[in-house]
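> Chains as they are written, first to last, in UniProt numbering: chain C, 1 to 487; chain X, 1 to 487.
No lab work stands behind these hints, which were simulated from the structure alone.
Keep in mind that a hint or two might mislead.
Same chains, same label: a pair holds when it works inside one copy or across any pair of copies.
Stated by the list, open to error - Computed list of lysine-lysine pairs in DSBU-like fashion (alpha-carbon distance at most 30 Å, straight line): (1) K395 x K249; (2) K95 x K122; (3) K52 x K361; (4) K265 x K458; (5) K89 x K246; (6) K89 x K395; (7) K122 x K458; (8) K246 x K78; (9) K395 x K325; (10) K246 x K458; (11) K122 x K265; (12) K89 x K361; (13) K249 x K89; (14) K361 x K78.
Nothing here was measured: the structure is a model prediction, and the numbers come from that model.
2 protein chains.
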Amino acid sequence: MKPIHFAAVLAAGLAVAAPPVLHAKPKKAVPAAPAAIAPADQAVVLRDAALKDNNAYEFVAELTTRFGARPAGSASEKAAAEWSAAQFKAMGFDKVRIETFPLEIWQRGDESLEMVGPFPQKLVATALGGSGTTPAEGVEAEAALFETYEQFSSSTADLKGKIVVILQPTVATQTGVGYGANSGSVRRQGPEIARQRGAVGYLMRSLGTHDHRFAHTGGTRFLGAEGVPAMAISPPDAEQFERILKLQKQGQAGPIRLKMVSTPKFLGTGQSQNVIAEITGAKRPQEIITIGGHLDSWDLGTGAIDDGAGVAITMAAAKTILDSKVRPDRTIRVVFWGSEEVSQPNDRGLSGANAYATAYKAEFPNHVIAAESDFGADVVYALSLPESDSPEFVKQVGNVLYPLGIYIDKAVSTGGGPDTSPLFSAGVPVMDLQQDGMDYFDTHHTPDDVLERIDPIKVDQNVAAWAATVWLIASTEVKFKGVAPKP
Amino acid sequence: MKPIHFAAVLAAGLAVAAPPVLHAKPKKAVPAAPAAIAPADQAVVLRDAALKDNNAYEFVAELTTRFGARPAGSASEKAAAEWSAAQFKAMGFDKVRIETFPLEIWQRGDESLEMVGPFPQKLVATALGGSGTTPAEGVEAEAALFETYEQFSSSTADLKGKIVVILQPTVATQTGVGYGANSGSVRRQGPEIARQRGAVGYLMRSLGTHDHRFAHTGGTRFLGAEGVPAMAISPPDAEQFERILKLQKQGQAGPIRLKMVSTPKFLGTGQSQNVIAEITGAKRPQEIITIGGHLDSWDLGTGAIDDGAGVAITMAAAKTILDSKVRPDRTIRVVFWGSEEVSQPNDRGLSGANAYATAYKAEFPNHVIAAESDFGADVVYALSLPESDSPEFVKQVGNVLYPLGIYIDKAVSTGGGPDTSPLFSAGVPVMDLQQDGMDYFDTHHTPDDVLERIDPIKVDQNVAAWAATVWLIASTEVKFKGVAPKP
Numbered sequence: 001m002k003p004i005h006f007a008a009v010l011a012a013g014l015a016v017a018a019p020p021v022l023h024a025k026p027k028k029a030v031p032a033a034p035a036a037i038a039p040a041d042q043a044v045v046l047r048d049a050a051l052k053d054n055n056a057y058e059f060v061a062e063l064t065t066r067f068g069a070r071p072a073g074s075a076s077e078k079a080a081a082e083w084s085a086a087q088f089k090a091m092g093f094d095k096v097r098i099e100t101f102p103l104e105i106w107q108r109g110d111e112s113l114e115m116v117g118p119f120p121q122k123l124v125a126t127a128l129g130g131s132g133t134t135p136a137e138g139v140e141a142e143a144a145l146f147e148t149y150e151q152f153s154s155s156t157a158d159l160k161g162k163i164v165v166i167l168q169p170t171v172a173t174q175t176g177v178g179y180g181a182n183s184g185s186v187r188r189q190g191p192e193i194a195r196q197r198g199a200v201g202y203l204m205r206s207l208g209t210h211d212h213r214f215a216h217t218g219g220t221r222f223l224g225a226e227g228v229p230a231m232a233i234s235p236p237d238a239e240q241f242e243r244i245l246k247l248q249k250q251g252q253a254g255p256i257r258l259k260m261v262s263t264p265k266f267l268g269t270g271q272s273q274n275v276i277a278e279i280t281g282a283k284r285p286q287e288i289i290t291i292g293g294h295l296d297s298w299d300l301g302t303g304a305i306d307d308g309a310g311v312a313i314t315m316a317a318a319k320t321i322l323d324s325k326v327r328p329d330r331t332i333r334v335v336f337w338g339s340e341e342v343s344q345p346n347d348r349g350l351s352g353a354n355a356y357a358t359a360y361k362a363e364f365p366n367h368v369i370a371a372e373s374d375f376g377a378d379v380v381y382a383l384s385l386p387e388s389d390s391p392e393f394v395k396q397v398g399n400v401l402y403p404l405g406i407y408i409d410k411a412v413s414t415g416g417g418p419d420t421s422p423l424f425s426a427g428v429p430v431m432d433l434q435q436d437g438m439d440y441f442d443t444h445h446t447p448d449d450v451l452e453r454i455d456p457i458k459v460d461q462n463v464a465a466w467a468a469t470v471w472l473i474a475s476t477e478v479k480f481k482g483v484a485p486k487p
Numbered sequence: 001m002k003p004i005h006f007a008a009v010l011a012a013g014l015a016v017a018a019p020p021v022l023h024a025k026p027k028k029a030v031p032a033a034p035a036a037i038a039p040a041d042q043a044v045v046l047r048d049a050a051l052k053d054n055n056a057y058e059f060v061a062e063l064t065t066r067f068g069a070r071p072a073g074s075a076s077e078k079a080a081a082e083w084s085a086a087q088f089k090a091m092g093f094d095k096v097r098i099e100t101f102p103l104e105i106w107q108r109g110d111e112s113l114e115m116v117g118p119f120p121q122k123l124v125a126t127a128l129g130g131s132g133t134t135p136a137e138g139v140e141a142e143a144a145l146f147e148t149y150e151q152f153s154s155s156t157a158d159l160k161g162k163i164v165v166i167l168q169p170t171v172a173t174q175t176g177v178g179y180g181a182n183s184g185s186v187r188r189q190g191p192e193i194a195r196q197r198g199a200v201g202y203l204m205r206s207l208g209t210h211d212h213r214f215a216h217t218g219g220t221r222f223l224g225a226e227g228v229p230a231m232a233i234s235p236p237d238a239e240q241f242e243r244i245l246k247l248q249k250q251g252q253a254g255p256i257r258l259k260m261v262s263t264p265k266f267l268g269t270g271q272s273q274n275v276i277a278e279i280t281g282a283k284r285p286q287e288i289i290t291i292g293g294h295l296d297s298w299d300l301g302t303g304a305i306d307d308g309a310g311v312a313i314t315m316a317a318a319k320t321i322l323d324s325k326v327r328p329d330r331t332i333r334v335v336f337w338g339s340e341e342v343s344q345p346n347d348r349g350l351s352g353a354n355a356y357a358t359a360y361k362a363e364f365p366n367h368v369i370a371a372e373s374d375f376g377a378d379v380v381y382a383l384s385l386p387e388s389d390s391p392e393f394v395k396q397v398g399n400v401l402y403p404l405g406i407y408i409d410k411a412v413s414t415g416g417g418p419d420t421s422p423l424f425s426a427g428v429p430v431m432d433l434q435q436d437g438m439d440y441f442d443t444h445h446t447p448d449d450v451l452e453r454i455d456p457i458k459v460d461q462n463v464a465a466w467a468a469t470v471w472l473i474a475s476t477e478v479k480f481k482g483v484a485p486k487p
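Whole structure, please, built from the sequences with the hints as guidance.
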């Protein structure tokens, strides 16, 4: 286990990590700071208060227990949004509201995968979001195996009537770039290219960085009934194919035949929603800091790390500021975006991120900064900021974050994630509290994305970092520069 | 990670752990020892030869790749038996044979579990082997939750029409006693007690020592169509129930309603088989050492740790002796037992173990010792022996095993496992090369029991320990005393 670098800060504030308890008695609010307290000093107070609380963990525990999976556009996502709004109101947030938007709904059907020959056995596979359907009885075909995606895309092999299988693994990295190297190509483009070449099905090694028997779902291009059936297989099943490839090369195994059943439904237009809550700024309320995560999840797990953790961390950071009774100068807006995970037809952007960007476009010139938490529940190790006008701010935020084991990235932030991306593109400055993603893709988008994947101590570190950083931005006059032209 | 105590031995023999390759060129046979080599010296030669080979890993890799899951009585178990026999012949074993026996076959059907209320969500569950069926459309009922098995068995609550849910976790231990504490009660007896009290279904927290989203199957009492539907839920799902219990106690959640679908089939009488191969003793061939593992597996994974590893380890230990070209004095018999996992009606013993015990009863007085490997693929840490007539033997075996990180247990062996149990009960001495089982029940009986759970280096340590120990018994005159009356 890696040392937890914020041990010293923790030790100062928290003698023993209490086991998380749902509905524990509310913690004593942090005493109101004297009016004259400097923002940098109050940031330290907030950081240490956050380390003593279990607010984020308790929130994600209750969210995942009450609502389980929260697929985009589902009754469960809606109920979770209503419950979240009620929680925000009970905590004392301002202007709590739910904003709906339409989206096209894809729903998983029956699914199974079987090797018919040469070595009959059941395999573990799950359909990609937005993928097409097989007939109810499935499709049986010969497999066309490719060890890398490049070998597939550059091959001229006849794929007519075959099931394409891509065996390329995903490389674990702290930043997630190993995942990014495969998600656009193997998962998003691959199925449609296979279809255009006459394939009747598409299988890919899961975009997972582990070797356990979970298949990872995730969005592919949404083509409705036109799309090819596409599934992800678990990493051990991909390795099973690799061993058979070797046996084939030694003349010890015949061709692979597969039977694939995947019957998702295209339910037409449904509705999703964003949940929004604010702490109105005391001095310059029109200046807005937007933070949040996404409330929807894939349907296999309970969306604890993707992205129950993110909504809980940003909510709890704002709550820490709210509970301190010292109002920030600027407005802090927390958004629980809906429908982050799903693909949409013709790449129409019916996501919560785009709904927010459309609704609040006029306000963008007043968006001081935006940030999202959508990379699991491991510790934050770096803060990546946009270009700022205040070296003093950068010094102050460094001083409050370093004791948590977080450095200030010298490179200028190149954006956050999918939910702040429309803002970033529109010129809103976006920062990134970078989390350690080395283990994130072990369980992301699998049935194993459940509360047990979250370490309460690490979540507290996230909340502390967010509370201190957001507070400092909200209580100083620092300005940031977006990368795209300022709106 | 714990240090591997046989590092020194390894370093002497093996510069780099070569990646396992199926069908690698056969390793050079260990040069024939001079005729006069002392058994204890030859044991060291065999131990170190085993550490250099990948025979066991290659065997279990090919077994699990070619046959996947090998449920008792299935075509896959039969094909694996035929392939194993062919492998034994190709390696040069004597008297290779397959011995069939009848058994009653249970086959998993459709299965799903859903919480209908208060918090609708899908749960991860799998039927227990031998359990009864729900109607095709499933059964919906209120849950009766018990945090421990004792609370269930001592309660007088009305269970009529309810689904019993037992939340008792399994404690991880090196020896496996934490599992033993639950398997007879929670898994074997519980469903039938629930049925007698009018319950329409039975759910139990998986006998798993992890917190991932796998449900563990395993045998319960086989009552055919009379039995109650019974399933194991994954540990995170059990913890979901625990959190709901807490919300109920706080008045924040209503009663739990569940919908359970499990439609296994009882296919009647089928056939299974034991595979047997021998190295005939050079001087006292009638004196027999019986070793082995079981070839069948549960249907969810590919039975790599349970018990592909065990058949591979014992096969490879015997092969190491065979390849040395120095014949042992006594006969070494390797048995791949069939149908270890399954329950049978009225506790009729139609297992491979009982078939073997029945077929070879007359030979038991000549069975010097028996031993099985059926506890995964982690290192051996102790040798537990029956009472022996030779302190010199005990000294010698200690000297060859200690460098592998294995001590000699001072307590007299109290048996091996299920496949040697009929022999033990009939007075045959049984030894136990005890493996570290701390992680074994993390993946045992789940879809995750696949090749990736096996560390080739640790498997080699097992083979080295088995080869040296079996050789020393087979090439000396040591005698052991069974615990039951000598046959």
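> Indicate, hint by hint, whether the structure satisfies it.
Hint check results:
Taking the shortest alpha-carbon separations for K395 and K249, neither the intra-copy value of 60 Å nor the inter-copy value of 49 Å comes in at or below 30 Å. Proximity of K95 to K122 under the C-alpha cut-off of 30 Å is found in neither arrangement, the shortest distances being 52 Å within a copy and 34 Å between copies. Proximity of K52 and K361 under a CA criterion of 30 Å is satisfied in neither setting, with 37 Å inside one chain copy and 67 Å between copies. Proximity of K265 to K458 under the C-alpha cut-off of 30 Å is found in neither arrangement, the shortest distances being 38 Å within a copy and 47 Å between copies.
For a Cα distance limit of 30 Å, the shortest separation of K89 from K246 across copies, 24 Å, qualifies, whereas the shortest one inside one copy, 60 Å, does not. In this assembly of identical chains, the alpha carbons of K89 and K395 never lie at most 30 Å apart, being 35 Å within a copy and 74 Å across copies at closest. In this homomeric assembly, K122 and K458 come within 30 Å of each other (Cα to Cα) only across copies, at 28 Å, whereas the closest approach inside a single copy is 38 Å. With identical chains, the CA atoms of K246 and K78 are at most 30 Å apart between copies only, with a shortest distance of 24 Å across copies and 49 Å within one.
For a Cα distance limit of 30 Å, the shortest separation of K395 from K325 inside one copy, 25 Å, qualifies, whereas the shortest one across copies, 74 Å, does not. Proximity of K246 to K458 under the C-alpha cut-off of 30 Å is restricted to the inter-copy arrangement: shortest distance 24 Å between copies versus 43 Å within a copy. Taking the shortest alpha-carbon separations for K122 and K265, both the intra-copy value of 24 Å and the inter-copy value of 18 Å come in at or below 30 Å. Taking the shortest Cα distances, K89 and K361 sit within 30 Å of each other inside one copy (25 Å), while across copies they are farther apart (76 Å).
Taking the closest pair of Cα atoms, K249 and K89 come within 30 Å of each other only across two copies (24 Å); inside a single copy the shortest separation is 64 Å, beyond that limit. Taking the shortest alpha-carbon separations for K361 and K78, only the intra-copy value of 25 Å comes in at or below 30 Å, while the best inter-copy value is 67 Å.
Against the hints set out earlier in the document, violations occur for numbers 1, 2, 3, 4 and 6.
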